[in-house]
Every structure is written in C-alpha cells, then in structure tokens.
Amino acid sequence: MLNTGSNSPDVPATPEVGLPLWLLAELTYRCPLQCPYCSNPLDFAAQGQELSTAQWFKVMAEAREMGAAQLGFSGGEPLVRQDLAELIGEGRRLGYYTNLITSGIGLTEQKIADFKQAGLDHIQISFQASDEQVNNLLAGSKKAFAQKLAMARAVKAHGYPMVLNFVTHRHNIDKIDRIIELCIALEADFVELATCQFYGWAHLNRAGLLPTRAQLERAERITNEYRDKLQAAGNPCKLIFVTPDYYEERPKACMNGWGSVFLTITPDGTALPCHGARQLPVQFPNVREHSLQHIWYNSFGFNRFRGYAWMPEPCRSCDEKEKDFGGCRCQAYMLTGDASNADPVCAKSADHRVILAAREEAETASQPLTEMTFRNDRNSRLIARS
Amino acid sequence: MSFDRHLTPRWRPGYRFQYEPAQKAHVLLYPEGMIKLNESAALIGGLIDGERDVAAIIAALDEQFPGVPELPEDIEQFMEVARAEHWIELA
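As you go down the protein sequences, you meet chains A and B in turn.
In my numbering, each residue carries its 1-based index in the first sequence increased by 150.
In my numbering, each residue carries its 1-based index in the second sequence increased by 2.
A couple of the hints might just be wrong.
[Said to hold, decoys possible] Below 20 Å or equal to it, Euclidean Cα-Cα: the simulated DMTMM-like pairs (lysine to aspartate or glutamate) are:
#1 A/K402 <-> A/E463
#2 A/K388 <-> B/E82
#3 A/K266 <-> B/E34
#4 A/K388 <-> B/E34
#5 A/K388 <-> B/E91
[To be verified] Computed Cβ-Cβ distance ranges for the label pairs, DEER-style:
#6 A/Q443 <-> B/Y21: 20 to 28 Å
#7 B/R7 <-> A/E439: 56 to 64 Å
#8 B/K38 <-> A/E521: 43 to 51 Å
No wet-lab data here; the hints were simulated from the structure.
Ideal Cβ placement from N, Cα and C applies to all residues, glycine included.
Bound conformation, chain B alone (with noise of 0.2 Å):
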C-alpha cells in the first residue's frame, strides 16, 4: 500500500519536540518520558508543524539535501513509525 503524503502530520496533544543544548540533540517530550532523535529525526521532526504535508516535507528536505534518492523513502517510514508509537497524527 502506498503512502499518501497529502497527509499533514501534527504532533500528538501532550507531545513536544525541542532542542537541548545538554544533550545536544533534539528531544520528544511527553508524559514523563523523553525520547532522544537522531540527526535525521530532528530534521524532520523540525518540519512537523500541523501544516506542512508529507509531500511538503519531502519537498523542503530533497532541497536541502539534494541528489538523496532514499530521501522520501525514510520521511515515510518515519511517518509510519511516528504514527504507529502515537507521536502524531496523520489527518
């Protein structure tokens, strides 16, 4: 089944994504827990903000990183997994 990337993420209620200087990495923040992102992650977790779409995202990072033919290929498989934990949501 194909990914439809006219779906804009956002993330969850409760769920906030930040940068921290002491871990230098960006974080998910939720209910008492955290989760550190990686480099790639926080690229795209950086786009999430309830307007962009999948094919903005895409759009915005293959701009960035020119000449990445997995690019779009991981940002969906990050959608996928963020969904499947209940980061966000796909609508």
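Pulled out of the complex, with its shape left as it was, chain A reads as follows (with noise of 0.2 Å):
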C-alpha cells in the first residue's frame, strides 16, 4: 500500500494477517490438580458445556486447512476426556504433529501405547503437581520419584521424544540444579525452566510465587553451566529457561503478535488468539457459531490488537513497536485497568512502577505455599459470584 491517507506517518500499514500455524485445543478445564499458578481463568467453574467429539473434529479439520500444523492437546488435565484417543487419531490422520500436554497425572503405560498407535508424536509431562508433591519429589521422596520415572521411561521406551516441563517460582527455583539433574537423569529431549507468568491463578498469588532478582540471576547462572556441559558431552537435551518478564525492561513480543501465529480453541469452544485472552473485555467468537476462516480473519476479536492503528502513546510513535507490539495486551489489562495500554514492563510505560514494586514486594515476601488460594472449583465458584 502507497499510501493509507493516513495522517500519522508513525503508524504502519496492518501487515497481512499470518497462518495460524499453531492449534491449541484446551479439551477441558476439569484437573486433579490445584495448582496455584495455573493459567487458566479464575472462573473457569462458570464455563459452558466442552465441545463434543464431532465438533472437535470439525476445528481440528478447518484449522489444518487453514494451515495449521502443531496441535496442543491441553487443558485443564487432557487425559480426563475419555475421546482423548480418538482426537489424538484425527488430529495426526490431517496431518498435525500431536502433542499432548499433560500432568502425567493418570498416565498409564497402556495409555502411552494407545495414543502412539493413534499416532501421537509428543508427550510434555509437566511436574505441574501440587507443590507438596514437587517438594516431595525433589526431596527425593521414593514413591512420587519411581513413579514419574516409571512414566519418562515409558514415554521414552515408545519412541516419544520428551519434554518436561517445570514451572519455577520462588519456593522451588533454588533447587533448579536438582530439577535438571532429574531431568537428565530422565533423558529428556528438552526441558522446560518456565518461571511462572503472572496470568490467571498466578497473577492472583503472585506475592507467593514472584522469585528475587537474585534468585532468577542465580537460576540462569546454573541453567547455563549445565548447558555447556550438555553440549560438552555432546548430549542433545536442550534447557529452555523462561524468564518471567517482571525482571525486563521492555516487553515480551507477546504471541508474536495478536492473532498472528497461535489460536486456542476454550473448552466450550470459545476462540482466542492467546490462552490468556478470556479475561479481556473484548468480544471473542465461538466456533459453534461461526468457521474458524471467519473467526481468524473476519471476527471484532482476532482483529481488534492487529496491526498498529490501535496504539496509543507511548507504543504509537515507539520505533520499537515492530518488535515487540506492545507486548501482552493481558498484562496491561490486568495491570492498567485498558488492554490497549503499553505493557507495563516496558521502562517507556507511565505504568512501569507497579512492575518496580511487584520486584520490590519480592524482596520482602513472606507467604507460605499453604497461604495460596489454590485453583479449585470451590474458589473459581467463589470468584465468578464476586
């Protein structure tokens, strides 16, 4: 385009609109586990009815066409949907690499062998367990370890590669060379060092979670001495450590951008261009009601932070706004009460100092796991009524 007439010069023209090349599809909410830094919505307990078998199909099979090719099956715990085979068997029939995101919480072997034969390609085991459970396990706590061992050695004894997933926080993060010790041990293919993100239950208990500077500069450290004696030994497990972006000074290009690569599919089949997206006061489709074509390029929804029109300052006139886009337009949201303001992590944000002193509050904290609110139906019920 030319010219847009517009009369802002410092705005680019709206790129065109990418593939969804990632599918996520968040088969329910139900879980065993109460994990208070779980990401999904608080009041996950008033959602509606999950989408049936036959209506994931049709999701799985518009998005392929559309381009999509990784398909996340997660939740919520997946393994809770008793169709969870069948899904597995349509989403690789389309062609998708499958990965099944999961607690390994009632994983069994018979099940490993299931879904490989559905054509599974990947199992993530998240040692998303209750705290006490983790604690348990790095504290070497026989059972909880056999078992998780019995788990990655069947996953790996089918053919899977593995990820494991741990979620950081500041009552565990000083044990990250006991976490990646285990996870060698496990032969793990990757592993994932993913500091919490402050979304759902863990922007709620975020006192509790949010590590030191210290701490996080200190895991890095650790993180990155074993990669050079990974790769000294030639060993192929790759370590991803996520940083939780309350310790940057500008924002994380969120998503790679508004609804640009990701669209999650919600258990009763809301869509949205990120899993985090619920809470914010924008109209968002469902695919019940409309084709994932309209919804991705056509809806008020998918549309409403692409591009660069929607701005304000100080983004608008950023030269760094191709880069990040603002960042995440959730944590504005939360942070600034208007999810069209800069990402407060941004040093550039006039709300940058809630960040400073979310760090500051980490300094001094004090509130035990068992003070948490955890994620339950009991307090999802109690926080939909308020």
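Join these two chains into a complex; the hints should help.
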C-alpha cells in the first residue's frame, strides 16, 4: 500500500494476516490438581459445556485446512477426556504434529501405548503437581520419584520425544540444579524451566510466587553452566529457560503479535488469540457459531489488536513497536485497566511503577505456599460470584 | 577434517519432515516447534530416509541437477548443521 491517507506517518500499515500455524485445543478445564499458578481463567468453573468429539473434529479439520501444523492437546488435564485417543487419531490423520501436554496424573503405560498407536507424536509431562508433591519429588520421596521415573521411561521406551516442563517460582527455583539433574537422568529431549508467568491463578498469587532478582540470576547462571556441560558431552538435551518478564525493561513480543500465529480453542468452543485472552473485555467468537475462517480473518476479537493503529502513546511513536507489538494485552489490562496501553513491563510505560513495586515486594515477601489460593472449583465459584 | 560420506542420516526420533501446502514449503516438525526449510534443504531432506548414505544423496541430487560443482559441499554442510542442531542422527 503506497499511501493509506493516514495523517500519522508513524503508524505502519497493518501487515498481512499470518497463518494460524499453532492450534491449542484446551479440551477441558477439569483437572485433578490445584496448582496455585495455573494459567486457566479464575472463573473456569462458570464456563459453558465442553465441545463434543464431533465439534473438535470440525475445529481440527478447519484449522488444518487454514495451515495449522502444530496441534496441542491441553487443559485442564486432557487425560480426563474419554475421547482423547480418538482426537489424537483424527489430528494425526489430518497431518498435524500432535502434542499431548499433561501433568502425567492418570497416565498409564497402556495409555502411552494406545496414544502411540493412535499417532501421537510427543508427550510433554509437566511437573505441575501440587507443590507438596514437587517438593517431595525433589527431596527424593521414593514413591513419587519411582512413579515419574516409570512414566518417563515408558514415554521414552515407546519412542516418543519427551519434553519435561517445570514451573519454577520463589519456593522451588533455588533447587534448579536438582531439577536439571533429574531431567537429564530421565533423558528428556527438552526441558522447559518456566518461571511462572503472572496470569490467571498465578496473578492472584503473585506475591507468593515471584522470585527475587537474585534468585532468578542464580538460576539462570546455573542453567547456563548445565548447558555448557551438556554441549561438551554431546548430549542433545536442550534447556529452555523462560524468565518472568517482571525483570525485563522491554515487554515480550507476546504470541508473536495478536492473531498472528496462535489460535486457542477453549473447552466451551470460545476462540482466542492466546490462552490468557478470555479475561479481556473483548467479545470473542465461538466455533459453535462461526467457521474458523471467519473467526481468524474477520471476527472483531481477532482483529482488535492486529497491526498498529490501535496503539496509544508511548507505543504509537515507539520505534520498537514492530519488534514487541507493545507487549502483552492481558498484562496491560490486568495491571493498568486498559488492554490498549503499553505493557507496563516496558520502562517507557507510565505504569512501569507497578512492576517496580512487585519486584520490591518480592524482596520481602513471606507468603508460604499453604496460604495461596489454590485452583479448584470452590475458589473458582467464589471468584466468579464476586 | 573431511566428511565421511558413508554415514547415513536419519531424522531424530520425534522429528517429522513434511510438505505444508498452506506455506508452500517443506517443514521439519518437532515437539512444539517447526522449521520452514528453504528449497535446497527441502530437496536434501526429501532424500533422508534412513537408507541412503550421504554419498547416495549427493549422487541422486547430482543426477537431478548436473553441473553444480558446489553441490557436494552444500550437502555436507547441511548434514553438519542438521547434526549440530540435533535434527538428524548420522550413523
């Protein structure tokens, strides 16, 4: 486009809409765990009915047709869906690379074999058990350790690549060396050391979760030491360290831009540009009512923050807007009350002080794990009601 | 050090090479990730089947594109990179 007629030469034209390469199928919000850092919405218990097998088949077929290649089955705990093997089989038949993202609770060797038969490409086991269990595990509880070990061995024995995911926070990040040792012993192909991101339940419990800068720096240094060791040994295990953006001066390029690569379908069929977007005061379409073609290209929700025209200052005239898209819309909404604002992680944001205050709070926080609000139906209903 | 062309490449378990019509390109898919391959990488990738050794891959492409003197070196370089990235195993 040569000239859009816009009188603001700072705002580049809206780029062509990308393909939805990633389809995240949140099959259910049901979960046997109660992690206080869950990214599910706080009012998950008040959400609508789950999509049927046939409805998921339709979603998968439409997204595949539009270019989706990666398919993640997530939740909640996707293993509670009785039709999981069927969904995996259909996904693989359509040509997807199929990923099962699970806590491993409810996983059995039989299921691992059945899913392989159905065409599952990869299993990610997240150590998102209750913190008591994680601590028991790290402390060497024989039972928990043996269980995880058996499951991880079965995953490897059936020829899957394995990703292990550890959510780290102020109560376990100091044990990162033991976490990495465990993952190497389990022959993980990838290890995600993901410091809590503060959405959903994690935002509610932030004071009890955010590590201090010193904790974070130590963990990153140790991770780098292990990376060097692994590389020297020719070990293909890859360590992925996800820092919480609360310690950055510039925001993350969230989801690689709004509605640019990622498409999340929630258990009740609501389509979102990212799994955290449900909380925004934006109308999002539902697959029960619209085709994915319409949802991705034409719906209000998916176009709301595409391009740059929606940006107020300081993003609007910022020369980094095409790099980070102004950061995360959900974080802007949670921390400033307006989803169009710059993500306050950015030092240029007028609200950056809320991030500075959270860092300061982390230096003196003393909330033990037991005092956090656990992610369960009861707490969710209380939150939905208030 | 010269490259041993009798080594046979195969994709690392869990890595899948396939054509994506929407992207009009071949891609390599792996746990939660995807690499879009350029045309020459796609031609080489299409011949990785766990049977052909590097010499056979060079011969096959040389037949398809005769008179490209840098072809063997390009293929060796691809193998080196793919091994370093752990996309393939060479045995």
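Taking the hints in turn, this is what the structure says about them:
no., hint, verdict
1, A/K402 <-> A/E463, "18 Å, holds"
2, A/K388 <-> B/E82, "18 Å, holds"
3, A/K266 <-> B/E34, "17 Å, holds"
4, A/K388 <-> B/E34, "13 Å, holds"
5, A/K388 <-> B/E91, "16 Å, holds"
6, A/Q443 <-> B/Y21: 20 to 28 Å, "22 Å, holds"
7, B/R7 <-> A/E439: 56 to 64 Å, "58 Å, holds"
8, B/K38 <-> A/E521: 43 to 51 Å, "47 Å, holds"
When each numbered hint is compared with the structure, no violation occurs for any of them.
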